[in-house]
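Modelling step: build the complete structure from the supplied sequences, incorporating the hints.
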Amino acid sequence: MKTAVITGFSAHEGALAGAEGVPTERLKVLALALLVAAAWMLQHPYSGLVHDSTLYTLLALARLHPSLSHDIFLRFGSQDRYTLFSPIYAEAIRWLDLGPAGALLTLTSQAGFCAGAFLLARRYMPASLAVLGVGFLVVLPTTYGSHGVFHFFEDFLTPRLPAEAMVLGGLAATFARRYLLGGLCLAVAITLHPIMASAGIALLLCIFVAIPRPRLIASLSTVCILVSLLLLFEVHVGPFKRFDGQWFLAVRDSSQFLFPSTWKLQDWSQTSLPLAVLASGLLASDDARVRRLYAASLIIGVIGILLTSFYCDLLRVVLITAMQPWRWLWLTSVVAIGFSPLIAKDCWNRNSAMRGVPIILATVCLVQNRPTTALALSLLAVAYAAAARRIGPSISLRRTARLLILGSCLLFAGAWVAYLVRLLSYVPLNSLSGSALSIVVQWLRNTASDGVLYAAVLAFAWRESSRLNSLRGAAVLAASATTLCIALASPAWNSWTSLDYTKSLKARFAPWR
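Going by the working numbering, the first residue of the sequence shown is number 46, and it counts up by one from there.
To be clear, the hints were calculated from the coordinates, so they are not data collected in a lab. The hints are all genuine.
Across the chosen pairs, the derived CB separations fall in these ranges:
1) L229 with R444: 53 to 61 angstroms
2) E279 with L455: 58 to 66 angstroms
3) Y127 with G290: 24 to 32 angstroms
4) S397 with L310: 33 to 41 angstroms
Beta carbons: idealized from backbone N, C-alpha and C, even for Gly.
See below:
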């Protein structure tokens, strides 16, 4: 009887703990999501009509005002022939006016990107890790390729960002075996931006065709390359047209980012980091599904660069140069950054030696201003992961593992100190104005724009939240994150609602028009 009472009490107590655990976990995830939102407010104020958004705005306005079609940029054709984005943008301008339409579509696209990234990550990891991965995507540098031209998460409006959101949503749906929805998302991405959509298609082909049948794909690839070489030297029209000497030099000089032969050491250093992260994840994980995703993301990034180098730099094929397969790196970078929390966790849990790998990769983020060092550390991280994977339980090997981890920690500590010194060495407070909050926001945007500081805060918040077991502690964390979001809401709202082209400015230029 006594045993039954004790057992019954224990079961009841466990049921209460389980009932309390569900809202506690949800509150912790909510708190982390609110911290990500706060970091987004700091890191991504709306840029307005800048960069390529001016081109797509002209394309949209030309649909509302046909007289603009005589502009030299539009007269002989443009990228408007390859996207349905301009009609959508034009209708938004018709209903909302130019400034609000651009801001709303940009905000919607960013929200769609984050949602797609979360759904994709959620297929492989717990909700808290998936939110942390989205946070890293929001705060860390989003540049890919060379010369800092393209970013996979942009603060201005182009069809690239909504196409990326649809690709991520399509991948998440496909991996959930909702193939019709996944195909529909990829089809929409193609109509918005074929180049960005091609990365998603390449990834799926790699996962479902190339990786399961490597010999068949290697044979077909060899045949395709040989046939293409034969046609390129025999046929000089259509898809086999090649640049002549002067045309090639003109294109290369004006658009160096298209040709890997012109990329600088900084560009290669930046490209090496996501490749190193995926290679480390491939060595650390035992989950076959996620390993296929890492392998495919790594392959399309490398193959995209090789195809560009061979067909664009060497053979000067016009069509391949226009297709820009090197831009598959955007998806490689998104998977590497978004899945970095899971990769770090797998490294940490695999064995003691492997724990040094995420420490070295984090060090690379701190030394991006030194491209030679960053590139060397990226290569070191992969070599270290390959060696640490083989370290067994023997005493001598465990001692080696401890030395490796100690060296990694010392390296990280030195890089972190140097980073903080560089961060705090220039504080341009005299050039800032406004309220105390406004000054802090401006200072953070000026000095912490690389996002490393925000990523460290998010990682620390995730670590501390994972230790919370009480509903009260989770509620306090969520309330604190909510307060931070409320405090940052005003400067974020101002950046997203400010108008470059006001009614008074339009009136001033009415006689000129």
